[in-house]
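Chains as they are written, first to last, in numbering that gives the first Met the number 0: chain A, 0 to 274; chain B, 0 to 470.
Please keep in mind that the hints were generated in silico from the structure rather than gathered at the bench.
Bear in mind the structure is a predicted one, so any value in this text is a computation, not a measurement.
Some hints here could point you the wrong way.
[Claimed, not checked] Keeping only pairs whose Cα atoms sit at most 20 Å apart, straight-line, the calculated EDC-like set for lysine to aspartate or glutamate is:
no.: 1; chain 1: B; residue 1: Lys-261; chain 2: A; residue 2: Asp-77
no.: 2; chain 1: A; residue 1: Lys-115; chain 2: B; residue 2: Asp-354
no.: 3; chain 1: B; residue 1: Lys-363; chain 2: A; residue 2: Asp-77
no.: 4; chain 1: A; residue 1: Lys-121; chain 2: B; residue 2: Asp-354
no.: 5; chain 1: B; residue 1: Lys-98; chain 2: B; residue 2: Asp-117
no.: 6; chain 1: B; residue 1: Lys-363; chain 2: A; residue 2: Glu-80
no.: 7; chain 1: A; residue 1: Lys-149; chain 2: A; residue 2: Asp-214
no.: 8; chain 1: B; residue 1: Lys-363; chain 2: A; residue 2: Asp-101
[Said to hold, decoys possible] So, partial list: chain B residues that the calculated Cβ filter (under 7 Å) puts toward chain A:
no.: 9; residue: Thr-351
no.: 10; residue: Leu-352
no.: 11; residue: Gly-355
no.: 12; residue: Ala-358
no.: 13; residue: Leu-359
no.: 14; residue: Gly-360
no.: 15; residue: Ala-361
no.: 16; residue: Thr-362
no.: 17; residue: Glu-365
no.: 18; residue: Val-370
no.: 19; residue: Pro-373
no.: 20; residue: Ala-374
Built from N, CA and C at the ideal position, the CB exists for glycine as well.
Single-letter residue listing:
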Amino acid sequence: MDTDHTPQAAGTVTPPTADALPAAAPRIDCRDINVFYGPTQAIHNVSLSFPDRAVTALIGPSGCGKSTFLRCLNRMNDTIESCRVDGQILMDGQNINDHSIDAVLLRSRVGMVFQKPNPFPKSIFDNIAYGPRIHGLASSREDLDAIVEKSLRRAGLWEEVKDRLQAPGTSLSGGQQQRLCIARAIAVRPEVILMDEPCSALDPVATARIEELIDELRKRYCIVIVTHSMQQAARVSQRTAFFHLGNLIEMGETEQIFTNPREKRTEDYITGRFG
Amino acid sequence: MLQQLGHLPMGWLLIALIAVFASIAFFAGRVRAERILLSGEQSLHSRPNYHGYFVAMWALVPAVLVALAYAIGAEGISRNQLVSELPPAFDLLSDAEMKTYLDSVAQAALAREDTGTDLVFTAVTHRYLEIRGSLNIGALALMVIGALGGLIFSRRRLGTSFRARSLVERGMETVLFLCAAVAIATTVGIVTSLLYESIQFFRAVPIWDFLFGTRWNAQTEAEFGALPLFFGTFTIALIAMLVAAPIGLFSAIYLSEYAGPKARGWIKPILEILAGIPTVVYGFFALLVVAPAVRGLAIWINETLINIGLTTEPLLAAQPTSALAAGLVMGIMVIPFVSSLSDDVINAVPQTLRDGAYALGATKSETVRNVVVPAALPGIIAALLLAVSRAIGETMIVVMAAGKSARISMDPTSDLTTITVQIVSLMTGETGFDDPKTLSAFALGLVLFAVTLLFNVIALRVVQKYREKYD
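Next comes chain B alone, as it looks inside the complex:
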């Protein structure tokens, strides 16, 4: 019997019970409120529906708590119980072996397999199912008791002067706060784990060597000097910004100051489509089109220089993947970030400022150059900083088109590697958490996080200062 109960589809049951209790509670509350309304002369403080919501809230909270506790704790509790009942011979198993054994027990139990041959295993499986069954029954009973208790307790409180509406409002506020708290807690959790693993890594490799070492060879020789990665990341981001800053800014100026509604109507959506192209598509565009073109150009320059006798050896590396190719394509990718944010801030410049300049006899370009852009400058800087942090964190394009060699080279046609590329290659394939090779990925991630956070914070600060000025 208990074994059968161990197979109950608890997820569905719990959700169904929660829904059933919530609706029962809602109607119980509303009906009672309506009765009060009908019986007496006095009017209610809150509309009957709010009384319904209030009672439903009280039934929901304990029910949801029970469901959450079950979802989080049920497996652990039943395993602990099972281990404590196992015969002493099992003490010989190490922790990891015990975990593997219990995993197979749980799997066999839930799959209703009857191995039959291993009697001990079968007995353990049955016992596991019994424990699960009693837990299931317990959880269901607890939920019913909690929900009914909440329902009865809260229904008693209803009355003519009872402020159900205010309490429901507060309940809503709590729910919204909890949702926000989930996001915050996740962020804190990720940063904490990043920090924790990085500290593990810095125990093995001194932080100084990591930040300022010039040799990176994590895969084979355990050299963790990340400076070439930082160099590659910033070189490629710089190339990207050299492309994106002027094109993005000028197209924003064109869109907001010069383009008529018609031109704006089709250019702006196209720029937004640019932002919607998956980065992996940019990646193979970079690899298949731009990188060969850059290489061809570099070879042509090399040959020309040798032909006219300026050099005797090739000047440029002209490699099949290059920082220039990745940077150019990444620049195209971040154009919409620059242009749409700049467009917004330029549009936010009050029309009266433009009128003031025109009224003095300024031409359109004089007005844009001397009045509109300076007024929008803080916002434009913020847009550029956000684009930089986007470029630094970009992964797919550089994985495909930037190359893998960690070096510091001023030649943009040589291949460089970035923080993100190295994280990808460290985390794919064989990994173990006690290995400095894997841990170094966390340290790189931490650096990346710190840098982009810094850029974003500066950008937000600049925008805030700007807002105060024109409100």
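So that you can see chain A by itself, here it is in the shape it has in the complex:
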């Protein structure tokens, strides 16, 4: 993993300001995002963009708003009644916060993997097939079989489960369940995959497998990952954004953030002085 740090979209030198955009067209471009839970503001004026085919890590102490920000990207905050999101989130030039955008369709383009593995109470096969079925992605049974196999292969789970696709998803180990959830997200052919602390419930071996997988997936998708582990951010991401108290403090190449942070607060957090 250590040799893998050459950033993918690193054709340009990272500009010195926190809200600067990379030169390559970003997959998602967020401008002046403010998030409120009732009267309290959770995110203050965050502008941030995510390059395609690269992993961006969001780090910061608990309660800094990184998960809330992540959930803006597929409008999962819609399911929380008191939550209000202001600002522009541009995907293909469209503001996904616009009311004309259907959150249901958006979520089929922006997949999400959660903190705790959450397989549905269905068979392994049906867990993967669920998304393609509701979106009508497969025209025949063979199609569906092919999608399920391809997704499981990409998630690195095929060899382990190919003989028991009808077993319940909950019968797998924690790490396997998490890869099942990744396969489930892949199956609806998303462009972006959001990961909210995907390894926090897993042991080190399972974590290593997921990290390998993330590195593999980076070749096809724009990935945004929230993590509490700075080693993990350093290992899997090309770009890192540091959040603190709902503000974006610093954003840049992962290597630069971890070796030569511009902000004092970033340095303090990374060296373990707070957080």
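Starting from the known structure of chain A, arrange chain B on it as the hints suggest.
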């Protein structure tokens, strides 16, 4: 003198004595513990209060035992004593006559009546009172001795290293266990008596004839084929569940998945009020409103069918009380059982599962249909089974609105009868325990008990399995 003592208000006296001894013992224990604490350097193992509780416990146990023994045995002992002293002429009385005679003696004695005319009766009454008096004195003395003995014995044991707290804890545990044991013993007792009387009944009527016979006419002709009753019970329960299952389940889904906190805030209490309406109120609602409406509808259908020439005779029975009316109202009654239990299990489905489905681009109804309901299904099934057992055991609505004719009919507008209705009509009015008519009620009760027990056990099993899955 002894006769006067026979009139002692023993209940109050015993309770007062128990209270007095318990408090004396408590203070005796605590004071001694405090003295030990003051006199020596060493500290006590338990706080003084626990020493007090310990001594009180030791005084209480013998006192309560004496009181219980008195309450259970006093009357029997004094009567036996009295009978053994009666002159030989009384041997002529049969057991039942003797019981009646003794009843009147006890009554006269306690009412302080002096009949005066019947000298023998007066003498017997006086003797009864004397026996009671000596028993009373004996009980009181025994209680004082027991309580004091317990007090003195336990107070001696107190000391610096004495573990009063542990012993009091164990005493508490015993008390709690005894309370649980009372419930269990009652259940066992009821089931045993049900079984015993049913076996008596099955001696007179073969069990096969009872379970599978199709003619029920217990009141007049001693025909005990209970199949029509089972049929009626299950038909009405089925109609009830056809109403309650969809309405209850869908309202639970609405409440837990769709309703905002405001709507939930007033709908849920209203559903709970539905559960609080006495069944007898549902009963006259069924009888006065629903049954006539069902009848009217059935008559209208009959006339229409005849008018358009599909039939020449009325198709439906259209009776003033009907299985449909009772079933519909019973369905309304069990809605809250289905909805509140289902609501609980749907809420117990982890939010992460819903998030997972939403994140895949599932709509709300897709999420509910494909993820939430399947995840909650075992719990929902359990809720439905509990509602079924409730519907089967329900009595008041069917007594008022289902009718009394034992028949097997597929027509829901005809009147049917149920197990519970028949039990009510068998047990009210003239009853005798040697009569198969009365005994058949026990057999019906046994069947009812077995069926509801079965449903409840299955429901509990299903819930247990479900719990293991998400913890």
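Results of checking the hints against the structure:
A distance of roughly 18 Å separates the Cα atoms of Lys-261(B) and Asp-77(A); the hinted pair therefore holds under the 20 Å criterion. Note on Lys-115(A) and Asp-354(B): the hinted pairing holds, with a Cα-Cα distance of about 11 Å set against a maximum of 20 Å. At most 20 Å may separate the alpha-carbon atoms for a hinted pair to count; Lys-363(B) and Asp-77(A) meet this at roughly 12 Å. With a C-alpha separation of about 16 Å, the suggested pair Lys-121(A) and Asp-354(B) falls inside the 20 Å cut-off, and the hint holds.
Our distance criterion of 20 Å between C-alpha atoms is met by Lys-98(B) and Asp-117(B), whose separation comes to about 18 Å. Pair hint Lys-363(B) plus Glu-80(A) holds up; C-alpha atoms about 14 Å apart against a cutoff of 20 Å. For the hint linking Lys-149(A) to Asp-214(A), the alpha-carbon distance of about 17 Å falls within 20 Å, and the restraint holds. Taking the CA atoms of Lys-363(B) and Asp-101(A), the gap is near 13 Å; set against the 20 Å cutoff, the hint holds.
Evaluation of the Thr-351(B) hint against chain A yields a held restraint, the C-beta minimum of about 4 Å falling below 7 Å. Checking Leu-352(B) against chain A: minimum C-beta separation of about 5 Å stays under 7 Å; hint holds. The beta carbon of Gly-355(B) is positioned within 7 Å of a beta carbon in chain A (closest approach about 4 Å), and the interface hint is therefore held. The interface hint given for Ala-358(B) holds, since its Cβ lies 4 Å from the closest Cβ of chain A, which is under the 7 Å cut-off.
With a cut of 7 Å, the hint placing Leu-359(B) at the interface with chain A holds, because the nearest CB-to-CB distance is about 4 Å. For the restraint placing Gly-360(B) at the interface with chain A, the shortest Cβ-Cβ distance is roughly 3 Å, inside the 7 Å limit, so the hint holds. Hint status for Ala-361(B) relative to chain A: holds, with the closest Cβ pair at about 5 Å, below 7 Å. The beta carbon of Thr-362(B) is positioned within 7 Å of a beta carbon in chain A (closest approach about 5 Å), and the interface hint is therefore held.
At its closest, the beta carbon of Glu-365(B) sits 5 Å from a beta carbon of chain A; the interface hint therefore holds under the 7 Å criterion. Because the closest C-beta pair between Val-370(B) and chain A is about 5 Å apart, less than 7 Å, the hint holds. Because the closest C-beta pair between Pro-373(B) and chain A is about 5 Å apart, less than 7 Å, the hint holds. A distance limit of 7 Å between C-beta atoms decides the matter here; for Ala-374(B) the minimum to chain A is near 5 Å, and the interface restraint holds.
When each numbered hint is compared with the structure, no violation occurs for any of them.
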